[in-house]
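For chain F, the structure is supplied; the task is to place chains A and D on it using the hints.
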Amino acid sequence: MTEYTETAEHVHESGHMHRDDEASKMAMWLFLFTELLLFGGMFLLYGAYRFQYADGFKVAAADMNSFIGAVNTIILLTSSLSVALSIGAIQRNQKKLALAMLWFTLLCGLGFLVNKYFEWSHEISNGIYPGGPALQEMSNGQVIYFGLYYVMTGLHGLHVIVGMVFLAVMIAFIQKDIITNSNYQKLENAGLYWHLVDVIWIFLFPLFYLLH
Amino acid sequence: MANEILAREPNYLEYQGKHKGIAGWLLTLDHKRIGLMYLMAIMVFFFVAMTLGVLMRLEMLTPGETIMKPQTYNSVFTLHGVIMVFLFIIPAIPAVFGNFFLPIQLGAKDVAFPRLNLFSWYLYILGAILAVASLFSGSGAADTGWTFYVPYSIRSAQNVTMTTMAAFVLGFSSIVTGLNFVVTIHRLRAPGMTWFRMPLFAWGLYATSWIQVLATPVIGITLALIMLERFLGIGVFDPALGGDPILYQHLFWIYSHPAVYIMILPAMGVVSEILPTFARKDIFGYKQIAISSLGIAFIGYLVWGHHMFVSGMSDASRIVFSLLTFLVAIPTGVKIFNWVATLYKASIKFSAPFYYVLAFIFIFSIGGLTGLVLGALATDIHVTDTYFVVAHFHYVMFGGMGIMFFATMHYWFPKMFGKMYSEKIAIIACTQIIIGFNMLYFPMFIMGYMGMPRRYYDYLPQFQGWHILSTVGSWILVTGIVFMFGNLLYALLKGPKAPDNPWGGTTLEWRIKGLPTLENFEEIPVVTGGPYVHDRPTYIMHPSKEIQHTNGDAKKAEKEGVSH
Amino acid sequence: MSEQIYSQEQASGAQAAHHTEGGHAHITGYGTYILVWLGLVALTAVTVTVAGIHLGSLTLITALVIAAVKTSLVGYHFMHIKYDNAITKIFILVCIVIFLTFWILTFSDLSFR
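Protein chains in written order, with our numbering: chain F, 1 to 212; chain A, 1001 to 1564; chain D, 2001 to 2113.
Isolated chain F (complex conformation) (with noise of 0.2 Å):
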């Protein structure tokens, strides 16, 4: 029972606390959890109004641009990969190699909001916004389409944007060597929300895009 040495005086006084990856991890999961569930109210939404108003959301889903979308996706999957492979370099001692796979991440997680800035602005300089005009004269399945699709897509956004923060911090610890190839949990956990993300747009994209 020596072993039990390490105080909670350290966790009070100096901050650092005794190291519990597996805890970590499993917070991490149930963060995780929650942010499905955020989102699954919406999705649950979509559903019961997708099924409410079958013909409006077609003819509302006519006006996206699936290509964007597509290429949207692939972009989302491409940087998923690349967090996997930073994940991987760093356990492998790779440090150059995990740096500039998280760089190539958050450039695509860039990309993915230009692409949807562009979209936006499109759907707006249409007049097709929540008051819009164009909107005022669609039908209801429509007006509702476009109201989940800029709260979805919206909420989405905001989680791309906060994962790219996250990724961001994870490449000044590396640098600063605070994750190195014996303690990357960190990393894995950054990794994971990005992942997430991913899972949530792989969902958003034939939901959107994908109806004929």
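Hints should not be assumed to be uniformly reliable.
To be verified - Heads up, incomplete: computed chain D residues facing chain F, CB under 10 Å, no partners named: (1) L2040; (2) V2048; (3) T2062; (4) T2088.
Quick caveat, the hints were computed from the structure, so don't treat them as lab data. We put the beta carbon where it would ideally sit given N, CA and C, even for glycine.
Relative to chain F, chains A and D alone:
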């Protein structure tokens, strides 16, 4: 002996860390101090909301305007609900007593994430400030009721946005606490503390924490949508744009029904702590009680529709939800029967906390049984949105969680503050609370049955007799509560020193000498048996000493404990 | 059951045992990740193509099935669920069950109105 006293570490109240004075509290990472900070904040808001409740009762003393205008009344009942639900009932037992005692009961030095724990307290304060500020900003607090039903909540000219924002932030705080507790229970149990050696309070918190993690986000997005709807008019809840208000009710109750189990499960956990202590025997049906907590948590996810029987939901759905609602009675019954069986043939010690638990069982049973009236479709339609619902709600929430909060205070007070209160006064206050409580809320069952609708500042003269009875009951209840807290406050300032284990409790917190120190234990204890074993020690408090000195039982027991 | 979870966690140092090495590290080959990525891109192509074909009510279902397959690929390989311990898997299962419950019960209302 003298040596030991000299070597004694300062307790958590005396401890001087890096930060002194008030900063030593506001920046603390000690789960016990955070628990006390929650206690202080929660008490403030409990009294605020209680005052609002008293004012409402005063308004109902006579028909027509008594002390306030209808608009004020609407804001008052909304704020009473929001503050009581989100600032008192949900966080009270987990955030105060869970924070304080969960790590100790598990044999840990702190929760898994002390910083996150402090963060959740600040979120709580932020949410509380927003809730109170909504009263004084814009056109005043929301007048929608704590349920924020659409479409009214998106049309109301009152400051609904800020009130929902408050609930949103408080939900976040609740999630953080829940997440912390789940990880703590998984990762920080002392050696030998198997799942089925955990105290039942920890089981209650475990079930609660899962609900907090898996239900609260749904209310988060729902409230966020109300704000968006108010600012932008996105249409998802606005019938004028094709939105479906019933879907709002679904999403709201997907969280808010499980939330009532967030409120009651920790309270039930404390019942399971107090009963074996005062019955002075092991709890009857430990595993059943432990598992029934998870059962209640799970079934709690399946029954939200019973809040919506008259909303226009489909008939098929109403029948399904009504049926599922009755299922909740099963795990709840398991608990009640096991508690009663624990008392059977026990040599019961009638102390103050035990009286409060008896009050709980009596009042909560009335609340639970009237719940069946509301869960059954036909009778529900008769009493929907009447005082019957108000009465039922207060019997289960106040009579359940509120009374257990008082019981918990009395049970753990000596271990939290090291002082002893007057048990005689506590018992007198308890009696007064029971009388006042029933006088206040029981007439509401009758009025509701006769058709008195809820949330009106006015009523027909025929109800006045019952309203007077109810209002007088509120005075008795409130003076009882003030009396009770006065007793505790007096004890805090001038009470005699409490013994280490005044009730003969068997769980780890009672094995600590005096007040807990910063790290709770000099050494992480080793657990060798169940939590409520009265006839032999089931914890080795100083494994390094005791196991060396005794090669017999303790060592063997420790081995068993660890290798199981 | 509980006893097992307990011993597992204790073995990996649940309480204060020094747990400085990430004991669960499993190093996946770069090639595996790239293969998974290729699979994901291929599935994206499939879902776009299939959406162009008129399948009636099947459109939504195929889209959702493909999305679910993609999600499980991301989860299993990129998020390392494959190498995670039983407790993480149980957690995920619980979350999914609860989430599906919300759907089923809400649609018990919507589809019978």
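Verification of the supplied hints:
1. L2040: Holds, about 5 Å.
2. V2048: holds, 5 Å
3. T2062: Holds, about 9 Å.
4. T2088: OK, holds: T2088 (chain D) within 10 Å of chain F, min 6 Å.
Hint violations for this structure: none, all hints satisfied.
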